[in-house]
Each structure stands twice: as C-alpha cells, then as structure tokens.
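Asker: Sequence:
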Amino acid sequence: MPGSPLLSIRGLTKHFGPVEALRYCDLDVPAGVVTALIGDNGAGKSTLIKAIAGIYAPSSGQIFWEGKEVQIHTPRDADELGISTVYQDLALCDNLDIVQNMYLGHEDTKFGLLNEIDMEVETTKLLKDLSVFTVQSVRQLVGSLSGGQRQAIAVARAVMRDTKLVIMDEPTAALGVSQTQLVLDLIKTLASRGIAVLVISHNLTDVFAVADRIAILHLGTLISSGPASDYDTASAVDLITTGGSTRIHSPLASTP
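Take the sequence shown: its letters are residues 3 to 258, numbered as in the numbering used here.
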C-alpha cells in the first residue's frame, strides 16, 4: 500500500479479565520518524507496546505492517517482521563485553569456532554508524559503562539485524544530562537512517527535544495524535491528566 505507515494499529483492545487496559486504539508509526507515546501511569503504554512486541495478544483489533495485516503472537513474530524492543532493564549481561552482548544468542561462527574478529569489526562499524563515540573499546565489560552508553549498546544490538522499528521504553530514565543527550542523539540517528522509533517517556522535555509525532494515551484510550508541533508542554499535560485540552496548536491533532 503506497504511502502507508510502517506500522498501523486499528481498534486495538486488550482485556485482563474484567479490566479493559486498552480501548479501540488507533496508531500510525511512519518509517524514519520518531513517535513519542506518552500518558500517565496506568494509561496503557506498556500494554500497547507489549501487544506490538508479541508479548500480549490483543483481545480485538488489527495490526498492519507495511500495509498488510499481520498476526504477532510471539516476540519471535515481531523480530521476524523487524520490530525490536529495548525495555528499561536493557537485558544486558554486565559480566560480558560489548561484542559478546551484541551477539549473545546470535554468535557468528567459522569452522565451528567463534568468529571473534568479524564480530568485533562489525560491532565497531555499527557503533560508528550510530555515532556512538564515547565507548573506549568494544571489549569493555558492559558493567563498566555509563547508563547512556549501556542504552546505546542495547539499541545497537536491537538494530543490527535488519530492524525497521525500534521501541524504546523510558530510554532516558535515571540518566544524567550528558548521558541523556547521548541517547537523544542516538534516537535522531536511528530516524535519519530510515528506522521508525517509538519512544515511551514521562519526560516531556526529552519528548519535545526528539519527537516528530506525539500520541497520547488516557485511561486506555489513544485520545490524540499528530505532529509534535501541534502540541506544547501545557497541552500535553492537559491531555495526559484530564483527557482533553483547548490549547492544541492545530486542528490536525485528532482529539475527541
């Protein structure tokens, strides 16, 4: 379907017993664009990204990938489509070096032996392509890295296998100013490479620094979405906390 978003969600609903965590959510995520998903605690952000990532099965609704309806039943299904998720815990092994973390579970072998040289070369090249220059050596133990560097390694690992969409859950949480800037620059670099980025964040300063589009969840319903320029901090806070705002800059933003 020419011109269609990379990922489209239509009418997605998720129940946990009698609890309706998501209610008829529609969301478009274009390629090469940073989309920020924001909302208060309990708004449904984690449930939505876990449905996209294949952890939760939607109760109803449709998911379209590159214009075609798909069924994402497992994380492997998401991975095969080109969807990678970087959760807050990053799932890195502190006792392994950067190369070992990058290839963990996907080790490159030659003649039945680990192909250490090629793995090291490819890791170095990918970090350079992503403008990650603060790491001294790809043979550093991950446990010795700063929070921003660890986030960068987790993202690099996520994009090394033909990833088209990276979902990042609170990527700047608990980071200092310089580490936060490293991660925000990395997000922009991903988008410049044509990769779609879906960022979940409570930090509105970071959201407006990096997002091209904003989508807002309130009590399980996606109540507003549009270009980031249609919003400011005040209107975003209104929508997050009350579900409505009279301060949205443009009628292009879809509100009830």
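I should point out that these hints are in silico values taken from the structure, not numbers from a laboratory.
Where is the CB? At the ideal position from N, CA and C, for every residue including glycine.
Do not rely on the hints blindly, as some may be mistaken.
Across the chosen pairs, the derived CB separations fall in these ranges [unchecked claim]:
#	residue 1	residue 2	range
1	Asp28	Lys127	19 to 27 Å
2	Glu118	Ala211	33 to 41 Å
3	Asp91	Gly69	41 to 49 Å
4	Lys112	Gln138	37 to 45 Å
5	Gly107	Ser194	47 to 55 Å
6	Leu128	Asp91	32 to 40 Å
7	Gly69	Ser139	37 to 45 Å
8	Gly13	Val239	36 to 44 Å
9	Gln64	Gln142	19 to 27 Å
Asker: Against each hint, give a clear statement of whether it holds in the structure.
Answerer: Against the structure, the hints come out as follows:
In this structure, Asp28 and Lys127 break the distance hint of 19 to 27 Å, their C-beta atoms being roughly 39 Å apart. A hinted range of 33 to 41 Å holds for the C-beta pair Glu118 and Ala211, which are about 38 Å apart. Between Asp91 and Gly69 the C-beta distance comes to about 33 Å, which lies outside the given range of 41 to 49 Å. The hinted range of 37 to 45 Å is not satisfied by Lys112 and Gln138, whose Cβ atoms lie roughly 27 Å apart.
Distance hint for Gly107 and Ser194: a CB-CB separation of about 28 Å, inconsistent with the stated range 47 to 55 Å. Checking the proposed 32 to 40 Å range against Leu128 and Asp91 shows it is violated: the Cβ atoms sit about 22 Å from each other. For the hinted restraint 37 to 45 Å between Gly69 and Ser139, the CB-CB distance of approximately 43 Å keeps it satisfied. As the Cβ distance of Gly13 to Val239 is approximately 27 Å, the hint placing it in 36 to 44 Å is violated.
Roughly 44 Å separates the CB atoms of Gln64 and Gln142, a value that falls outside the hinted 19 to 27 Å.
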